[in-house]
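Below are the chains, spelled out letter by letter.
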Amino acid sequence: MEIRETNLALVENGTVRGEVPLVTGKWLELVFTYTKKGEVTLKLDGSETALVLLQRRGHATRLDFGLLSVPLGRDLIFFDDVELTY
Amino acid sequence: MIVQNHRSDLGERRARVRTLVAALPLVIAACSTFGVTSPDPGSPLDADASSDADTPSSDGGSDTEERDPLADADISGDASSCAVIRDDFEGKDWKAEPTWLVEQADGGVTWGPSTHRRAGSTGSQSLTFEGSSGAFARLGRTIEEQRCDLRFSAWLFVVESTGLNSRILAVETATGPRWPWRYARRTSRSSRTEP
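Chains as they are written, first to last, in my numbering: chain Y, 1 to 86; chain R, 87 to 281.
FYI, nobody ran anything at the bench for these hints, they're computed from the structure. Careful, some of the hints might be misleading.
Over 12 angstroms on every C-beta distance to chain Y, these chain R residues come out as not near it, computed from the model [said to hold, decoys possible]:
hint, residue
1, Lys-178
2, Lys-181
3, Glu-183
4, Pro-184
5, Asp-235
Covered by chain Y, according to a simulated footprint, are these stretches of chain R (three or more residues, beta-carbon under 8 angstroms) [stated by the list, open to error]:
hint, region
6, 168 to 176
7, 209 to 218
8, 237 to 243
9, 248 to 260
Values in this document were obtained by computation on a predicted structure and should not be read as measured data. Backbone N, C-alpha and C define an ideal beta-carbon position, used for all residues, glycine too.
Chain Y with its partners taken away, still in its complex shape:
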């Protein structure tokens, strides 16, 4: 999942598979799911859900969140009240 301009995007192998609008300067409720069937959903603050059926499937082995990479410039984000179910 990447911040791409003014959107939050689901990215698979460098290709944007779905995206939802991202508003800065405001707390947003983020929900990400990855089903055993290979379906990925992304919902941000009640926005329309981006639904993606991945081209390849497999069970999850690790999840990371934070600022995993920042190609250019500087980013600053907050996370709170995290819940992970698997």
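Since the structure of chain Y is already known, use the hints to place chain R on it.
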């Protein structure tokens, strides 16, 4: 002699059939455990429908538990339990580990009072991730076994972003390298390298 052999073969076949019949419940149980049988009844579009019903950790900090998946509409059921980790980052002694694996370089992850208080939040602490080109900070979790549909929910506040492909969430899977989120599969913490 022929008759004896025939009887012997017949006996062996019956023994094999009995063995298969005896093993059948185990086979069915194994299929159910790995989700081979019935499709998930819940739509992923409704995956967050039950999130409001979840009770945050009462004592602050992180909370790891085993939960019955059938209790939640968003997690389709097998007989095993889902792993659930909640963390509101509260508590004066909060530490990332051992709930999360921590990695950072130059940039940073800091924990402390949020400079942007969230309306309705009972706590005052949050995690701050700050990064720039070549720097990163993240928390991670190794998933020993994905028993249920994976679901990650959080409150996110983007203070500042260049909007240039900054990655904030990644899921690794077991099917191959650099999929689905362009991460190389890593076998141990010590051997990991950032792409």
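Status of the hints after comparison with the structure:
1. Its beta-carbon lying about 17 angstroms from the closest one in chain Y, Lys-178(R) satisfies the requirement of being farther than 12 angstroms from that chain.
2. Distance to chain Y confirms Lys-181(R) as a non-interface residue, since its nearest Cβ pair spans about 15 angstroms, more than 12 angstroms.
3. Residue-level check passed: Glu-183(R) sits 14 angstroms from the nearest beta carbon of chain Y, beyond 12 angstroms.
4. No Cβ of chain Y approaches the Cβ of Pro-184(R) within 12 angstroms, the least distance being about 14 angstroms, so the stated non-interface status holds.
5. The beta carbon of Asp-235(R) is not kept farther than 12 angstroms from every beta carbon of chain Y, the shortest such distance being approximately 4 angstroms.
6. Proximity of the region 168 to 176 of chain R to chain Y, defined as three or more residues with a beta carbon under 8 angstroms from a beta carbon of that chain, is established by the 8 residues found.
7. Proximity of the region 209 to 218 of chain R to chain Y, defined as three or more residues with a beta carbon under 8 angstroms from a beta carbon of that chain, is established by the 9 residues found.
8. Residues of the region 237 to 243 of chain R with a Cβ under 8 angstroms from some Cβ of chain Y number 7, which satisfies the need for three, so the listed coverage holds.
9. Remark: the region 248 to 260 of chain R is confirmed as covered by chain Y, as 13 of its residues place a Cβ nearer than 8 angstroms to a Cβ of that chain, reaching the required three.
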